[in-house]
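Colleague: Starting from the known structure of chain A, arrange chains B, C and D on it as the hints suggest.
Protein chains: 4
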Amino acid sequence: MIVPATMRAWVLDGPNELHLVEKPVPVPKRAEVLVRIDAVAICATDLEIIEMGTPALIEGGPPFHKNFTPGHEYMGTVAALGPGVDEYRVGERVTVEIHAGCGQCKRCRQGMYTSCHNYGLNYGNVDKGHRANGFTTDGGFAEYAINNINTLSQVPDDMSDEEATLVVTAGTSMYGLTEVGGLVAGESVVVTGPGPIGLLAVAVAKALGASPVILSGTRDARLDIGRKLGADRVVNINKESLVSVVKEMTGRGADYVIECAGTETAINEAAQMTNRGGKICLAAFPHEPVLADIGALVKNNIYVYGIRGEGKSATRRAMALMAAKRFDATLIHTHTFPLAELRTALDYARNRTDDAIKVVVKMHGSEMRSRKESTR
Amino acid sequence: MIVPATMRAWVLDGPNELHLVEKPVPVPKRAEVLVRIDAVAICATDLEIIEMGTPALIEGGPPFHKNFTPGHEYMGTVAALGPGVDEYRVGERVTVEIHAGCGQCKRCRQGMYTSCHNYGLNYGNVDKGHRANGFTTDGGFAEYAINNINTLSQVPDDMSDEEATLVVTAGTSMYGLTEVGGLVAGESVVVTGPGPIGLLAVAVAKALGASPVILSGTRDARLDIGRKLGADRVVNINKESLVSVVKEMTGRGADYVIECAGTETAINEAAQMTNRGGKICLAAFPHEPVLADIGALVKNNIYVYGIRGEGKSATRRAMALMAAKRFDATLIHTHTFPLAELRTALDYARNRTDDAIKVVVKMHGSEMRSRKESTR
Amino acid sequence: MIVPATMRAWVLDGPNELHLVEKPVPVPKRAEVLVRIDAVAICATDLEIIEMGTPALIEGGPPFHKNFTPGHEYMGTVAALGPGVDEYRVGERVTVEIHAGCGQCKRCRQGMYTSCHNYGLNYGNVDKGHRANGFTTDGGFAEYAINNINTLSQVPDDMSDEEATLVVTAGTSMYGLTEVGGLVAGESVVVTGPGPIGLLAVAVAKALGASPVILSGTRDARLDIGRKLGADRVVNINKESLVSVVKEMTGRGADYVIECAGTETAINEAAQMTNRGGKICLAAFPHEPVLADIGALVKNNIYVYGIRGEGKSATRRAMALMAAKRFDATLIHTHTFPLAELRTALDYARNRTDDAIKVVVKMHGSEMRSRKESTR
Amino acid sequence: MIVPATMRAWVLDGPNELHLVEKPVPVPKRAEVLVRIDAVAICATDLEIIEMGTPALIEGGPPFHKNFTPGHEYMGTVAALGPGVDEYRVGERVTVEIHAGCGQCKRCRQGMYTSCHNYGLNYGNVDKGHRANGFTTDGGFAEYAINNINTLSQVPDDMSDEEATLVVTAGTSMYGLTEVGGLVAGESVVVTGPGPIGLLAVAVAKALGASPVILSGTRDARLDIGRKLGADRVVNINKESLVSVVKEMTGRGADYVIECAGTETAINEAAQMTNRGGKICLAAFPHEPVLADIGALVKNNIYVYGIRGEGKSATRRAMALMAAKRFDATLIHTHTFPLAELRTALDYARNRTDDAIKVVVKMHGSEMRSRKESTR
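So the sequences go chain by chain: A, B, C and D. Residue numbers for the first sequence follow my numbering, beginning at 1 and rising by one. Residue numbers for the second sequence follow my numbering, beginning at 1 and rising by one. Residue numbers for the third sequence follow my numbering, beginning at 1 and rising by one. Residue numbers for the fourth sequence follow my numbering, beginning at 1 and rising by one.
Bear in mind the hints are in silico, worked out from the structure with no lab data behind them. Some hints could be false.
Since the list gives no way to pick out one identical chain from another, each pair is judged satisfied if it fits inside one copy or across any two copies.
What the hints assert, rightly or not - With a straight-line Cα cutoff of 25 angstroms, these simulated DSS-like cross-link-like pairs (lysine-lysine) come out:
(1) LYS325 with LYS106
(2) LYS247 with LYS299
(3) LYS228 with LYS325
(4) LYS106 with LYS29
(5) LYS239 with LYS228
(6) LYS66 with LYS29
Only a predicted model underlies this, so the values are computations on that prediction, with no experimental measurement involved.
Okay, chain A solo, but in the shape it has when bound (with noise of 0.2 angstroms):
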């Protein structure tokens, strides 16, 4: 495969400015690859750092006016590959998820490499050898991305473009799922939140057996999706009390809550609709601190998870999941654009213009913006 010398990127200056520049294509190192970018799906993080930076903001660090390249969910054809790399080879179909950890510090070593203790430090002089592309590297609103090897995994002949964009999604879903335990067959799981993350823990939960699969949320559309990944019961919250659903249909409350909506009311209610010993997984955070009700924790001895990003390879194992058929991830990609029109693309996802949730890029081709039609 021809590498060029030259890309196009878009690059972040200051909040919500976005240019289209051509910049060097990167070249991997020891145990990385070049991955040139077929598509990449926007996530709400992408807006968040867009407008306000990194969760982890670090001094002097990414992402403003840095030359910096954001997007995280991307998939494409190994382009090139590092000194010594004969885990893959060139011309192979990966998607990707987000954190190399450094490989050295305490977390790296106990496998927690999303917890990586030189998160960030990777400019500048200071190099640990960490990366989290499209938050603290450059990532895949671009035609090239460096990966490191371990964040690949490669894509069926029979999977789309866009449906491989959407396994870092279902990673963080499988992260959740298997921070809590993982044995869910026949546990009762609720999900609170119909975003994307949302959404495919309840297709994941539902893979793995978990049983009944309760889905919340305020929007009908998203909760029919929902049900069609699988949702025993979908309840909206603006039309029936959530906690007395699953308190009746579970008698003593659920096993699991996979908590993806970050508001104070659900952080609450997962807390009072959990069974004693049962747990509970924070997907989402509210930006303010809120008004919490710790002592339900303690008294009912319930275990709280806040995860971040996708880790103990849980993409792996949703990839998997996915190749095998076991759900429909598609039924969350609702639009495409083109890489030039990237800005539009972002505003159909912060706006969610024309009910978008997953608003796809793609790289190549003459794509024309459009409409997934199986969702309409």
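Modeller: For chains B, C and D alone, kept in the frame of chain A given last:
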């Protein structure tokens, strides 16, 4: 051992209304023994139950006007065996933990007996086999009590009655350290709140090799005891910033925080001073909702363990460390009263009269009220 | 439901001496129900018990000349409730797992009830509460049996009696996969030995997303069923080298091996084909010591899990997958006989007459002996 | 610190052919430091490597005729830092563990770096980043060595060089106890084989609160040291039956066995004396297949952990216990030699001359050969 037909026992009529009555001595059933109580320590939860009922108050159940006897940190001598019991023998000194799960629910079957789903369902016509002595079944402010054999630990000959009452407190600390992973040698541990559980959390963490162990509080006298129990550093939060000290001593924050203060500040500081991928155990809780920075947990992949009591047989591990004299739990024992003076003993504990920490009630002999010399 | 005073039951006199007798119907105690048995499958262990006694034969205990009824893979209908039982109702269809731990020993308290330290101590004057129906307490070759409520799973209306008897087999496979970590999506799993547990291990591993799943054996007919249950590759070890195939397909060896053959060769090949840090579950065993390459385990950091039965509530997880129709367990059911023809049914199972795999005995109605059509 | 261009180093030509040569001092790369070696202990594995090659000998790789320097239990002083290293500073005393995983393979990503799937792939044109100093990369029988920063532990000022060399041995013992669960306070532990790992397994188990700890062996002098390190009971298997003693002391058998003898008898006795649901760690192994009662593992739900080295950062936990003076590891150090007398030192270790246990080689100064007084 001759067991009388009746015994002296304190019973709880209304809130804060304790009366010393003559009650029938209960009869142990299958897998139970009768314990002749020799000493019982007072826990802050006793004071709450006596005033407000149990943390998970059950309609129609204990504690008020039900002839209910509170008290749960007791030790004594096996006085009689239930049918088929051969694990213990009459005359053996034992100390107890609180919870005997039902043995049938999903949590008990997972080994999570303190999260028994039949908690409290053991009165009236219902008996699922769950016992939480001093909470939902009769406890230790009496001359005798029933205990399931799996709640007992043997007391070494050279351990005093008073020290043996402290095993359930140490067991709670041990349970907290167990749930955050247990392997704390060389790891940094912060304990917030120098109450009995906090002080013994310092002792247990240190016994397991944690380093550094940092203890915070507001009373220097308590912090001094913490230092004697092994704290490498104590922080009077009225004089110093705990978060700053922890960050300075650990670099990236603490690996583990055992939160024993139960205040809004302590909870939020726990989140701020725990490093990425670190863990927080909540062993105390505020009685009202508090403003909590939930986002800090998610952004830093922090896990939070609300613990109830002393599960996973942690009392036995605590007893093993105490029997091996790895720490001197008696440093937290300050006062002793005879059974008849329970109300005074409770007042001392409630008001921290004379710097009281653990107040112990002795059941037998002619003990006068006393203050333990060693900690004056 | 009217429960008669007596029932037909097979009892084991001497080795291989089974007689059909009239016995009193047992009465359920606390936390127990009486199950009217509708169907019971025959397990290889039944054949061993009938010939040789239980794996952990207890002096003075079952099975010989004790009026003991073997059989443990049964399902039926709740016929009566013990005192206080409200978890199930009369008339409900249930299937069972074997072990009800004592609930008091250290293993039960850890959630490891199949490793109960009071195994078998439930006869004569001793009753520690342990039950292993068909092993140490009366089992299912009879019209009724007692079951602890924690051994029951509900049977969906659309699941046949015959299929429901297979849940304990699937549960054993699920327990093995649970103990090796449970998170097998995308991981390589080799199952050695296409007996019932091996075949359903293929099905469960595949349902959980494992890939590739490789099954080995010597009989092509069995391997074909394994392929229908999801095996990506089957290896007839009389024709191919299993170790070579596994190394070729996986590169560095299998992540997990579920050993269900119980031969010296299978055990050593398991060690040879497991990759560094991989795990082996032993679900079968040779009856004599075998020459084993123990060094391979140490040099490659391999962990080995000898499992007994279907612990950690794995039957309920297996039932959840079967209820969701993730695999067709009935592919391993080949023959059906009426209760009166148990001896013939056992012969079919023992001799694999007519390619028998799972032979099921039906208790009621006028069933004639039959061969299931679907697998002819 | 001035680092010379060349150093004295022993290299392995053919089997048992060691020569002292002048070699270039290696240069640390990213995430590496150069360690000036101050002391190195001799391990039985060193003797095997020198005679037979590494346990997992790689075609074309070390050790023979490759200018390879063996030796892995060393400590020293940081002499130079690789680019970007700020975790350590020049002049700091450090001790090492053996394994630095590649950081990219599935096992490293799980935190199982001693099971790195790129073990040994670090020579010729291949460099996956894995290092196992003294096994596949140059080790410690030299004046300098390269170490990845994640293999280092700081040495307290008051710990002697000789004691610091023992940390990797204690770390191996700690790793074994970690893998069987780590929470051994009050649990019964049997250690078979009083070699260095066995003796320190006694010490670590006791430090963590295990009780009783039983040590078996054939040499009373070794068993006496075990008693000093905390064994509650020692069993000379030439005089007593280990299985009988264990059964008598524990009732139902040991909770954990740490097998450090590597003989057929020890392995089978481990299976016989472990209780239902108990665990066995294999820290040694026979070089040939042995007749093993595999069935005992399955019938009793016993799990077996073959461990390789000192994973899961166990050396740091071991160092924490040693720094806190929880046990006196120097009880196993018997002899000291200067670097030039390595061959004599190896002979002492090989032949247990003068009751040698751990023989240490000191790199600097004018030490004469000596026998440590304290254990005479």
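Colleague: Now tell me if each hint is right for this structure.
Modeller: Hint-by-hint comparison with the structure:
In this homomeric assembly, LYS325 and LYS106 come within 25 angstroms of each other (Cα to Cα) only across copies, at 24 angstroms, whereas the closest approach inside a single copy is 36 angstroms. Only within a single protomer do LYS247 and LYS299 lie at most 25 angstroms apart by alpha-carbon distance; the minimum there is 18 angstroms, versus 30 angstroms between protomers. For a Cα distance limit of 25 angstroms, the shortest separation of LYS228 from LYS325 qualifies both inside one copy, at 14 angstroms, and across copies, at 17 angstroms. Within a single copy, LYS106 and LYS29 get their C-alpha atoms as close as 23 angstroms, and across copies as close as 20 angstroms, so both meet the 25 angstroms cut-off.
Taking the shortest Cα distances, LYS239 and LYS228 sit within 25 angstroms of each other inside one copy (20 angstroms), while across copies they are farther apart (45 angstroms). For the homomeric pair LYS66 and LYS29, the shortest alpha-carbon distance inside one copy (21 angstroms) is at most 25 angstroms, but the shortest distance between copies (28 angstroms) is not.
In summary, this structure violates none of the numbered hints.
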